[in-house]
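Once you have looked at the hints, place chain F on chain C.
If you read the protein sequences in the order shown, they are chains C and F.
Numbering-wise, our numbering comes out as the position in the first sequence, counting from 1, plus 1.
Numbering-wise, our numbering comes out as the position in the second sequence, counting from 1, plus 1.
Simulated from the structure, these hints should not be mistaken for lab results.
These figures come from a predicted structure and were not determined experimentally.
Don't take every hint at face value.
Repeated chains share a single entry, so a pair holds when one copy, or any two copies, can fit it.
[What the hints assert, rightly or not] Heads up, simulated EDC-like pairs for lysine to aspartate or glutamate below, C-alpha to C-alpha not over 20 Å straight-line:
| # | residue 1 | residue 2 |
| --- | --- | --- |
| 1 | K11 | E578 |
| 2 | K416 | E114 |
| 3 | K539 | D505 |
| 4 | K532 | D510 |
| 5 | K421 | D211 |
| 6 | K491 | E606 |
Number of protein chains: 2
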Amino acid sequence: MNVTHVLIGKPLQTKDLPHQAVSKLVGLAVFASDALSSTAYATEEILIILSIFAAGAGSAMWATNGAQLAYSIPIAIAIALLLVIVTISYRQTIYAYPKGGGAYIVARDNLGEVPAQIAGAALLTDYILTVAVSISSGVAQITSLFQGLLPYKVPIAVGVIILMTIVNLRGVKESGRVFAVPTYFFLGTMFLTLGIGIFRALSGTLLPIDPNSVEAIQQFELAPEAGFGMMFLILRAFSSGCTALTGIEAISNGITAFKEPKSHNAAITLIWMSSLLIAMFLGITFLANQIQAIPSHTETVISQLGRAIFGEGSLLQGIVLAATALILLMAANTSYADFPRLAALHAGDGFLPRQLTYRGGRLVFSWGIVFLALAASLLVIIANASTTALIPLYAIGVFLSFTMSQTGMVVRLRKISKLKPGEKIKGLETDLEYDPHWRLHMAISAFGALCTFVVMVIFAVTKFTHGAWFIVLLIPTLVFIFFRIHHHYKGVAHALSLSGRRPDVDARDVQTLILVDDVHAETARLVNFAKSLRHPWKAVHIAVNPEKAASVERKWGERIGEGELVIIESPFRQLAEPISEYIQELQAEKPGSFVHVIMGHLAMESFWEQTLHQNSSYIFTLALSRLENVVVTTVPYHIHIDDEQEHVSEEPEKMQAH
Amino acid sequence: MNVTHVLIGKPLQTKDLPHQAVSKLVGLAVFASDALSSTAYATEEILIILSIFAAGAGSAMWATNGAQLAYSIPIAIAIALLLVIVTISYRQTIYAYPKGGGAYIVARDNLGEVPAQIAGAALLTDYILTVAVSISSGVAQITSLFQGLLPYKVPIAVGVIILMTIVNLRGVKESGRVFAVPTYFFLGTMFLTLGIGIFRALSGTLLPIDPNSVEAIQQFELAPEAGFGMMFLILRAFSSGCTALTGIEAISNGITAFKEPKSHNAAITLIWMSSLLIAMFLGITFLANQIQAIPSHTETVISQLGRAIFGEGSLLQGIVLAATALILLMAANTSYADFPRLAALHAGDGFLPRQLTYRGGRLVFSWGIVFLALAASLLVIIANASTTALIPLYAIGVFLSFTMSQTGMVVRLRKISKLKPGEKIKGLETDLEYDPHWRLHMAISAFGALCTFVVMVIFAVTKFTHGAWFIVLLIPTLVFIFFRIHHHYKGVAHALSLSGRRPDVDARDVQTLILVDDVHAETARLVNFAKSLRHPWKAVHIAVNPEKAASVERKWGERIGEGELVIIESPFRQLAEPISEYIQELQAEKPGSFVHVIMGHLAMESFWEQTLHQNSSYIFTLALSRLENVVVTTVPYHIHIDDEQEHVSEEPEKMQAH
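Here chain C stands alone, though its shape is the one from the complex (with noise of 0.2 Å):
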């Protein structure tokens, strides 16, 4: 337990739940992490896939002219307009629920319980796939200043969520002022530098990154696929860049956290979220292309940014790299709260298990963390913390939750078109409210959810040999089980119903067992319990080894001196089965009543001592449980073992086996 109190801190009562309002500009801090985190990988994610067509097209150097790298600057635009239309989308539904708005809750509140289990699975995927990627990505800025931790990139990047992992279970107080630090630091320095490497740019003193200075991708890890035109590429990055989107629903799902007016405040954060993130994310990209940044495993695109800016080796360069990862990681951070948070609200609508809504001791959903973590360790060991493995994976769930999202709120409006003006009816999770621009809302709506169902799409087909099928499968297959879940949890509470009668709670007849291994002082303790229930009882033992059987009998005689001793023989060396099959033959003689067994357990004062014990009552315990009308007592007999005793009497008996 001590251990625990020092990794996780002190238990915390449940009334200490943290209940606080954030200002806009906190508010940004704790919300925005996720999505301006992601342009430090998106615009490196378009260069690698458009350095496939490089390669493909028959180059046997690297494209240093940047002739087909310079696609990546109108896909930014691309994803910059598809940012936009989502933004002005979810300030739609941020106004709409102003208790929250996730994509699950908007879909539940409006389509149903399949596609809400849908958005909640397509989330929950890839909140774990933030994780994994943050966190690669993030290590990734480290090493490309440090070149010499190269090797070690999946041990420091599971280092870090097991780190992560136990803040979160220490629970984080959100006290904004420990997330604006981070935010606006790298805010800062990421301005700083687009701004000096802007003016260097137009001014003409920013030169090309060395090709030798880098060790590029391999042509043969690029793939190129044969068949596949230009334009299959051109899309392939859109989809790797679309990256550059996930996190944008964290401000919906967080709208009470904010001061009142919560989505006005809400709303306003978002677009400037939005704002932040179009431009650093078309600033990026540009500068990339000036230049000429060459994707690697081993520099990041912002590195290469920082060094062409400021000088190799500068400390500024160092600095970029650090609030970089930094925002990284609180990216990763931010899954730690909304995972967990998505993961009760499913356990409890009863679609995922029940002890993911309990907050452990430190008020948090301590289960939804360490599978959040192990998880995510999971990945990034599979993917061998590569960003770039892991981005095929990854946007396909945000994008399908913000389809859906946006789908319910097409829904929902087609509702509020059927009202009167003034009139008000009751909703599940909000009250409908006329509106006199429905016909406009609907349209942004319905045009967001299209926009954003191509684009998964598009993902799906040109990144599905790439990674994308294992999400394609894996979605329908978690939606699958948690419907199973819901069925199990319906039938258990169906099958616990007493229906408002009162039960038959009548005394019925008790037949008393002793399980019996060795005659000790622990059997005397059995003994002296079942003769405390002033009931009649039978002791039993089964007789595994036939010579250990007879000196149980004798000493039985000698020691015990009372009772029945029933010896059962076990010539397979099983002790469950025979016993068993003993018990229903006392059942079948007198239908109906209990049979109450009573068995010893010897307890020591630490869980290595506690192995080198066979524990059989565990064994006996899981396997009695299988009979109706069939009730296990454990009688724990406590040994304490002083290290003095043996020097002081010579030992008495042979050692028994226990």
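What follows is chain F alone, placed relative to chain C:
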């Protein structure tokens, strides 16, 4: 259970333990595979170490002239001499211990507990290494032939270990015939190869290997040790080659398996085995020099020999490699018999967990097999299935056990030296008889002990920085742990002892509590059982959630309507702590009474369904087992979910978490 039956087979009765005796020819096949198979890598490992010298001497290219590698021949001759000494010495042990004279038994019999535990720890360690080394080398033979499999060495090796574990959990009937086939197949092909090879060498038609046909080990891997002279490297090469001696003790462990006269037959088999081993080892080393074999990660020396003698890609080269791989698998398999058997000996003496003495359903020591498999798999994964990486850890244990065993024999012969002609005294394991030649016999054992001790020190020194340090630390640590375990078991036996007196088992007061989570059909079952015991009882609810507590109180009145319901607050959402405190208060009121806690357990039909529930009965049982005089009863309630029922009736009330 059914999956286990398919994989492991149906349980066997205790009386089916096999009792059969083997002839010398079959005994050779059963016990020699470990020793003979080491010829597959011993020569290669000598050459690898010598090539460090070649590399260190400043030659930029591989030393194809074989000048330094030729030292392998005198080294092999020295190892062969050592083998002769150990064989003669062990022959005496076989006669002295006709019931089985493994190092553990000989050391325990003559030197006492500590040396016995040291010898045992050393052997256990080496059995694990035998599996790891033999499987790694076996896989290397296969990948020499099918180079496309090279990247999959680790998964193949682990797969083989898993397969071998399943086979051994089924129980290998040591029917001899099964073992005879691969052993004699290997002996046949190997002597054919050596015969033709030597004939071709003498007739001058055996040409050196083309240096370009093999990917030699790269210089930087060899890490020539600055400051160490040639002598150090020669001693290190000698150490690596001494792995040829591992497995030589197998016959002395298994004397009882032979036909009468057991000792005599076993001794003759030992001499056959050693002779074959020396012939093969010297032959392979001689021919490897003739063909100027090149140590490599991608092709074994055996493969190069097969290729040089029979022609590249010839059927016979394939047969040689298959036979070698097969004998290596058989060698690993002997550890699957020896490790669990030795671990059971330790456990029987109370130095390892008792569970290791229990024979599983198939009459094998299942826990020992599983532990061996896990430890060997871990080693293979860490060492990347490279024999060369494992060799520095190997054979130290065996030589330590050789030293212990022979020292034990010296002590034994000292006792014998004091006997008069014809006199016989009772020993612990075997009788001590007058021996007119005790001086000669003692000299042989003492010389053997001295030689193996010196070799062990050479191992530890020359291989220390390459991994031997681990074994040097591991063996004392294991011995320490063994004695801690022994101390524990002695303490438990003391604590449980009734010392012959009749214990006090008079009936005491019992206070009965029912733990109530909610009020439904399962709760009714609990009340039903408590009433059947015909003792006064109280119900207790731990109020993690105050709203739920109020609802439980209301439903208790409506649906049960009898008995007292106590609500205990739990602001920290803990379950076990508040009930523990409450029980301690009850005990303080009535000292010496039993507190009997009755709780429910929802028993599901499948493991996965069970995981969807909190299973708090386990948590309570564990937590309450810390308290003295607290007895815990679990009343299972079986849930059968009918796939139809949810359509029949509406969900009767909001589902509850359990």
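Each hint, compared with the structure:
no.: 1; hint: K11 with E578; result: between (44 Å within a copy, 14 Å between copies)
no.: 2; hint: K416 with E114; result: within (18 Å within a copy, 85 Å between copies)
no.: 3; hint: K539 with D505; result: between (28 Å within a copy, 18 Å between copies)
no.: 4; hint: K532 with D510; result: both (17 Å within a copy, 10 Å between copies)
no.: 5; hint: K421 with D211; result: neither (67 Å within a copy, 93 Å between copies)
no.: 6; hint: K491 with E606; result: between (41 Å within a copy, 15 Å between copies)
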